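Undergrad: Fit chain A with the ligands to the given chain W structure using the hints.
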Amino acid sequence: MIEKILFKYGKRMYFKDALLRQAQRQFRDTATNAKIDTNNPSFLGIQTVFTGELRIIDEQCYDPLPIFRILHSSHEHVQLPEDFKLDENTLIKMYRKMVTLNIMDKILYESQRQGRISFYMTGTGEEAIQIGSAAAVTLEDVIYAQYREAGVLLWRGHSVADFMNQCYGNCKDASKGRQMPVHYGSKKLNFVTISSPLTTQLPQAVGTAYALKRSKKNTCAICYFGEGAASEGDAHAAFNFAATLECPIIFICRNNGYAISTPTREQFKGDGIAARGPAYGIPTIRVDGNDVLAMYYATKVARECCTRSEKPFLIEAMTYRIGHHSTSDDSTAYRSSDEIAYWTRYMPIIRYRSYLESVGLWCEQRDIELKKHVKTSVLLAFTEAEKERKACWKELFTDVYRTMPKHISKQMYSMEKHVAEFHKHYPLHFFKQA
Amino acid sequence: MFSSAVRRVVRRSFSTSKWSGAQQMTVRDALNSALDEEMERDEKVFLLGEEVALYDGAYKVSRGLWKKYGDKRVIDTPITEAGFAGIAVGAAMAGLRPVCEFMTFNFSMQAIDQIINSAAKTFYMSAGRVNVPIVFRGPNGAAAGVAAQHSQCFGAWYSHCPGLKVVSPYNSEDAKGLLKAAIRDPDPIVVLENEILYGVQYPMSDEALSKDFVLPIGKAKIERVGKHVTLVAHSKAVEQALEAANELAGKGIEAEVINLRSLRPLDIDTIVQSIVKTNHCLTVEQGWPHCGIGAEISARISESEAFYHLDAPVIRVTGVDTPMPYTKSLEIAALPQMSDVVFAVNKVLGLQ
Ligand SMILES: Cc1ncc(C[n+]2csc(CCOP(=O)(O)OP(=O)(O)O)c2C)c(N)n1
Ligand SMILES: [Mg+2]
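Just so you know, the sequences run in chain order W and A.
Each residue of the first sequence is one higher than the one before, counting from 1 in full-length UniProt numbering.
Each residue of the second sequence is one higher than the one before, counting from 1 in full-length UniProt numbering.
It cannot be assumed that every hint is accurate.
Derived PhoX-like pairs (lysine-lysine); straight-line CA-CA distance at most 25 Å [claimed, not checked]:
{"#": "1", "chain 1": "W", "residue 1": "K406", "chain 2": "A", "residue 2": "K221"}
{"#": "2", "chain 1": "A", "residue 1": "K67", "chain 2": "W", "residue 2": "K216"}
{"#": "3", "chain 1": "A", "residue 1": "K44", "chain 2": "W", "residue 2": "K217"}
{"#": "4", "chain 1": "W", "residue 1": "K187", "chain 2": "W", "residue 2": "K93"}
{"#": "5", "chain 1": "A", "residue 1": "K72", "chain 2": "A", "residue 2": "K211"}
{"#": "6", "chain 1": "A", "residue 1": "K121", "chain 2": "W", "residue 2": "K432"}
{"#": "7", "chain 1": "W", "residue 1": "K390", "chain 2": "W", "residue 2": "K106"}
{"#": "8", "chain 1": "W", "residue 1": "K217", "chain 2": "W", "residue 2": "K85"}
{"#": "9", "chain 1": "A", "residue 1": "K277", "chain 2": "W", "residue 2": "K406"}
{"#": "10", "chain 1": "A", "residue 1": "K219", "chain 2": "W", "residue 2": "K410"}
{"#": "11", "chain 1": "W", "residue 1": "K216", "chain 2": "A", "residue 2": "K68"}
{"#": "12", "chain 1": "W", "residue 1": "K172", "chain 2": "W", "residue 2": "K106"}
{"#": "13", "chain 1": "W", "residue 1": "K406", "chain 2": "A", "residue 2": "K219"}
{"#": "14", "chain 1": "A", "residue 1": "K221", "chain 2": "W", "residue 2": "K410"}
{"#": "15", "chain 1": "A", "residue 1": "K44", "chain 2": "A", "residue 2": "K68"}
{"#": "16", "chain 1": "W", "residue 1": "K188", "chain 2": "A", "residue 2": "K44"}
{"#": "17", "chain 1": "W", "residue 1": "K188", "chain 2": "A", "residue 2": "K121"}
{"#": "18", "chain 1": "W", "residue 1": "K390", "chain 2": "A", "residue 2": "K121"}
{"#": "19", "chain 1": "W", "residue 1": "K410", "chain 2": "A", "residue 2": "K121"}
{"#": "20", "chain 1": "W", "residue 1": "K172", "chain 2": "A", "residue 2": "K121"}
{"#": "21", "chain 1": "W", "residue 1": "K106", "chain 2": "W", "residue 2": "K387"}
{"#": "22", "chain 1": "W", "residue 1": "K372", "chain 2": "W", "residue 2": "K387"}
{"#": "23", "chain 1": "W", "residue 1": "K432", "chain 2": "W", "residue 2": "K410"}
{"#": "24", "chain 1": "W", "residue 1": "K187", "chain 2": "A", "residue 2": "K121"}
{"#": "25", "chain 1": "A", "residue 1": "K67", "chain 2": "A", "residue 2": "K211"}
{"#": "26", "chain 1": "W", "residue 1": "K188", "chain 2": "W", "residue 2": "K390"}
{"#": "27", "chain 1": "A", "residue 1": "K121", "chain 2": "W", "residue 2": "K394"}
{"#": "28", "chain 1": "W", "residue 1": "K217", "chain 2": "A", "residue 2": "K72"}
{"#": "29", "chain 1": "A", "residue 1": "K44", "chain 2": "W", "residue 2": "K187"}
{"#": "30", "chain 1": "A", "residue 1": "K72", "chain 2": "W", "residue 2": "K216"}
{"#": "31", "chain 1": "W", "residue 1": "K375", "chain 2": "W", "residue 2": "K387"}
{"#": "32", "chain 1": "W", "residue 1": "K106", "chain 2": "W", "residue 2": "K371"}
{"#": "33", "chain 1": "W", "residue 1": "K387", "chain 2": "W", "residue 2": "K172"}
{"#": "34", "chain 1": "A", "residue 1": "K121", "chain 2": "W", "residue 2": "K406"}
{"#": "35", "chain 1": "W", "residue 1": "K187", "chain 2": "W", "residue 2": "K172"}
{"#": "36", "chain 1": "W", "residue 1": "K216", "chain 2": "A", "residue 2": "K44"}
None of these hints come from the bench; they were simulated from the model.
This structure is a prediction, so every number in the text was calculated from the model and none was measured.
Chain W on its own, in the form it takes in the complex:
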């Protein structure tokens, strides 16, 4: 029916011709791959296997996908993979960044409770996913995140002050105070600005991966998303496009058990997000997202595979969201404190610290010093950011278009005149001067 409509104009001339061309091409493809056999034809697009036994395929046909991990509870058994190469400094830096993220989250969360910023989201319990994966990729790789991945940006070199300035939307905020708190972005660090509508970053990341492939720079896109976001149609589109267009992208799903209040058992059936990978023809790893070394290693392997073959890769990182969804949420309404307490024991920071101690890289004294130092520097950046003036009010009008159109410059001009005339009635000292 639709065809009838759409091809009305061109159909007589092109319809037959193009279809014929297509059919011939497809047949040539299959005919060269399969011997001509009238009993066992080869269907297009799949490997054809016939059977006389009627089988229903369901979850029970497969073992659950195992979770890759390195850090065990007893550290004697910790066996690093043979090609696992991280020097001591990097191992310690990973811990420091995890702790910094955790402390920054606590302070900014509290500041929202005190009404000093409007909104915040913590990554508590998910530090390993962020730091482990970030450590395994390069600065040239392009990051698309959801919103709970500040650690990735921290690892890439965003300073604590940068985070604070964004949350306060002051004049030092690189996004000029235009975005909600935690919607970070940094062009310099190849970290695409967070976008609120869920899952839009997935197809976009695939588009970027396509561009990266064309640039031949041997880099890839890394795209983070929650298991809840994976339910959007955009996720399907992204997986299928990444596979069919053969784009170098690592999809990293943070499966943290909840999408706001929706638990995973209501979000999906089947074996999680990882089980979808093979169905799209995407190589997949399920990894313990609370194990920073496993996270690092899985991402490193994924990146090698992805850049070498210029094809997508999927990682499902299993974790637990210890904090509330955001400052607008009270999670005690939908989960028990016992459940939270249970998972708190598996907090990635605790597990990693005990590993570092077991190999003699860390101790109680260093831990106390680190936490004290980080707390002081975060609080300092925090007070500085709070004192800073807001962006110049004229920034309201810029960046809608590359060159400001007349109707906007007119508005700006009339506001300028208005402010000049009534300056006494406005708190101009809060704003940076033009």
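TA: Frame of chain W, contents of chain A with the ligands only:
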């Protein structure tokens, strides 16, 4: 010069011997050559959409481009508007210049979040650090006999949104010049084409045939000069306005016809200047009246000095305020016809 162009358009079903010397081109071919020239000019330009490659596009606008530029530059996508619009946005953020074809703009609603929340707002939200040079294009508005879900004008929808630019070409020169300008532009642009006009031939000046031909976005064109009443239209409605102007001329009424070309930015200055001269204004469009392009123009006139030059209220001639019916007789009744424009002009001029 204007009136001769009008005569040609209005009489295109009659003999065109007077014009046989001038180069004629269909809107389809004009769009095709715009794509071809821009793809040749800039490696970064690529086309994606459903059936744009092997099949040459549902309406054959991309004819021959896949053959010429290959799989890398002309991409057939699975049927996922939100998906490939997102792919296009991401590719644009990473520095490519995608031209994203919707089979019709009716299906762009599946992707409207990507177009507005991502393409249109990213430059602003990233504080001017990430621009999204992207073109969303395809047939818009009513075709013939395709009923409610395939006959909608998105001019007002997309024009509503800051960050987007929206152009709505009428003839072949418009189509070529505006599409080329859109592809070169650093901002996201919606190019609203018209299916029925694809197959219509219009003259192309030598200038328009050149590879360097681009039209300024945000500038309207006076298609016909007149002094008694101003008719403002875009896309297919320009044709009705010109036909009406021709009819009115027979009765001594000289209508000035403005082809908007761009819906955002809107060239309000050209409209104001015309009203200062004619003191009467009507808008003609195929879309719905409520919050439509005519409503916006009317409001902008009220807010400008043109208001004081009006001898009568601004009147909108629009599609009727219902979904599009399928039956041919009803479809005709649902769209503004030349006679509706003539009737409304007479009313505004107090001749009836
Ligand atoms: C398109 C869209 N629908 C709904 C929302 C509201 N929303 C914001 S976050 C969220 C939950 C997402 O959960 P998940 O993807 O698992 O990520 P997590 O918060 O667990 O990190 C929802 C429903 C949104 N931002 N965008
Ligand atoms: Mg979740």
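Undergrad: Run the structure past the numbered hints and jot down the numbers of the failing ones, going up.
TA: The structure breaks none of the hints.
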